[in-house]
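Undergrad: Sequence:
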Amino acid sequence: MSEKIAGHVVICTPLYELVPVPSFSSFITAFGSAPKLFGKLGFSSTRGTYLQIARRKIAEDVLNRDKEGPVEFLLWIDSDMVFSVENISMLFLAAKQHNADLMSAFYVTKREPISPVFYFEKNGGYESPKEVDKKYVFEVDGVGFGFLLMKMSALKKVAEKYGVAKAFHVIDPFNGEDLGEDLVFCKLAKKEGLKICVDTNNLVGHWGGTITPDKFFKTQK
4 MSEKIAGHVV ICTPLYELVP VPSFSSFITA FGSAPKLFGK LGFSSTRGTY LQIARRKIAE
64 DVLNRDKEGP VEFLLWIDSD MVFSVENISM LFLAAKQHNA DLMSAFYVTK REPISPVFYF
124 EKNGGYESPK EVDKKYVFEV DGVGFGFLLM KMSALKKVAE KYGVAKAFHV IDPFNGEDLG
184 EDLVFCKLAK KEGLKICVDT NNLVGHWGGT ITPDKFFKTQ K
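In terms of the numbering used here, the sequence shown is numbered consecutively and its last residue is 224.
Check before you lean on any hint, since a few could be wrong.
Unchecked claim - DSS-like, lysine-lysine: derived pairs with alpha carbons at most 30 Å apart:
{"id": "1", "residue 1": "Lys99", "residue 2": "Lys190"}
{"id": "2", "residue 1": "Lys99", "residue 2": "Lys193"}
{"id": "3", "residue 1": "Lys138", "residue 2": "Lys113"}
{"id": "4", "residue 1": "Lys70", "residue 2": "Lys60"}
As the list claims (entries may be wrong) - Label pairs and their computed distance ranges (CB to CB):
{"id": "5", "residue 1": "Glu142", "residue 2": "Arg114", "range": "23 to 33 Å"}
{"id": "6", "residue 1": "Glu6", "residue 2": "Asn102", "range": "14 to 24 Å"}
{"id": "7", "residue 1": "Asp136", "residue 2": "Asn67", "range": "38 to 48 Å"}
{"id": "8", "residue 1": "Thr32", "residue 2": "Gly179", "range": "19 to 29 Å"}
{"id": "9", "residue 1": "Leu18", "residue 2": "Gly166", "range": "35 to 45 Å"}
{"id": "10", "residue 1": "Lys7", "residue 2": "Glu180", "range": "34 to 44 Å"}
{"id": "11", "residue 1": "Arg114", "residue 2": "Ser87", "range": "21 to 31 Å"}
{"id": "12", "residue 1": "Ser156", "residue 2": "Pro176", "range": "14 to 24 Å"}
{"id": "13", "residue 1": "Glu163", "residue 2": "Gly51", "range": "36 to 46 Å"}
Hints are computed from structural coordinates only; laboratory data are not their basis. Here a beta-carbon is modelled for each residue, glycine too, at the ideal position from N, C-alpha and C.
Generate the whole structure from the sequences, applying the supplied hints.
TA: This is the structure in structure tokens:
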């Protein structure tokens with residue numbers, strides 16, 4: 004039997020709209036392959052209009068599960084992502100190789116203007132790059148939670164310092180700016196010295212057509 008890539012993993016999926024058929028198929032394939040990949044797989048999900056509240060409830064649920072039996076990783080996958088088992092494996096491999104606390108695959112927005120869903124701090128705010136090098140893993144200041152591997156230790160460190168409600172809030176607790184819950188968490192994580200990376204070799208789809216990073220790459224010179 005081949006070695007598992009991780010122990011106890013919880014897939015975390017907030018539901019805020021209908022699940023597209025390609026995304027549903029991706030999840031079914033992932034669950035079917037889970038016994039070969041992980042020592043134990045859990046699934047945490049909640050439906051809600053407000054994404055930050057849904058993520059908050061999921062984080063609280065996983066923190067409670069960790070008390071019953073140690074959780075090693077949270078695998079955040081939004082319900083409109085289109086992916087393969089290979090994409091999941093690549094996340095774990097890249098995170099291990101680069102000792103990342105948060106590791107994101109590369110995906111883009113599903114509405115125009117098409118742009119990468121990872122960010123660098125600039126002039127007191129966050130900006131998505133206009134050009135991206137293919138097939139690299141590099142450190143960034145923020146990522147979306149659409150297809151993100153997070154160490155349980157990272158969640159615990161941020162949640163214990165700031166509380167789950169503040170960690171998954173849309174408002175920056177330091178300046179009151181509306182960032183969105185993903186960037187607020189990343190900002191707090193960076194303040195705690197955690198490493199956030201993106202793997203541009205790991206391409207996943209964002210349902211809306213399906214929109215893949217290839218469409219973004221075609222806009223580059």
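Undergrad: Each hint: holds or not?
TA: Verification of the supplied hints:
1. Under the criterion of a C-alpha separation no larger than 30 Å, the hint pairing Lys99 with Lys190 is consistent with the structure, at around 22 Å.
2. For the hint pairing Lys99 with Lys193, the CA-to-CA distance comes to about 19 Å; that is within 30 Å, so the pair holds.
3. Taken as a hint, the Lys138 and Lys113 pair is honoured in the structure, with Cα atoms around 21 Å apart against an allowance of 30 Å.
4. In summary, the hint linking Lys70 to Lys60 is supported, as the alpha carbons are separated by about 16 Å, within the 30 Å threshold.
5. For Glu142 paired with Arg114, a C-beta distance near 27 Å keeps the hint of 23 to 33 Å intact.
6. For the hinted restraint 14 to 24 Å between Glu6 and Asn102, the CB-CB distance of approximately 19 Å keeps it satisfied.
7. The given range of 38 to 48 Å is respected by Asp136 and Asn67, whose C-beta atoms sit roughly 40 Å from each other.
8. Checked against the hint of 19 to 29 Å, the C-beta distance between Thr32 and Gly179 comes to roughly 42 Å, which is inconsistent with it.
9. Separation of Leu18 from Gly166 is about 24 Å and departs from the stated range, judged on CB atoms against 35 to 45 Å.
10. A C-beta distance of roughly 41 Å is found between Lys7 and Glu180, which places it inside the suggested range of 34 to 44 Å.
11. In this structure the supplied range 21 to 31 Å holds for Arg114 paired with Ser87, their Cβ-Cβ distance being about 23 Å.
12. Separated by about 21 Å at the C-beta atoms, Ser156 and Pro176 satisfy the suggested range of 14 to 24 Å.
13. With their beta carbons about 24 Å apart, Glu163 and Gly51 fall outside the hinted range of 36 to 46 Å.
Hint compliance for this structure: hints 8, 9, 13 are not met, and every other hint is.
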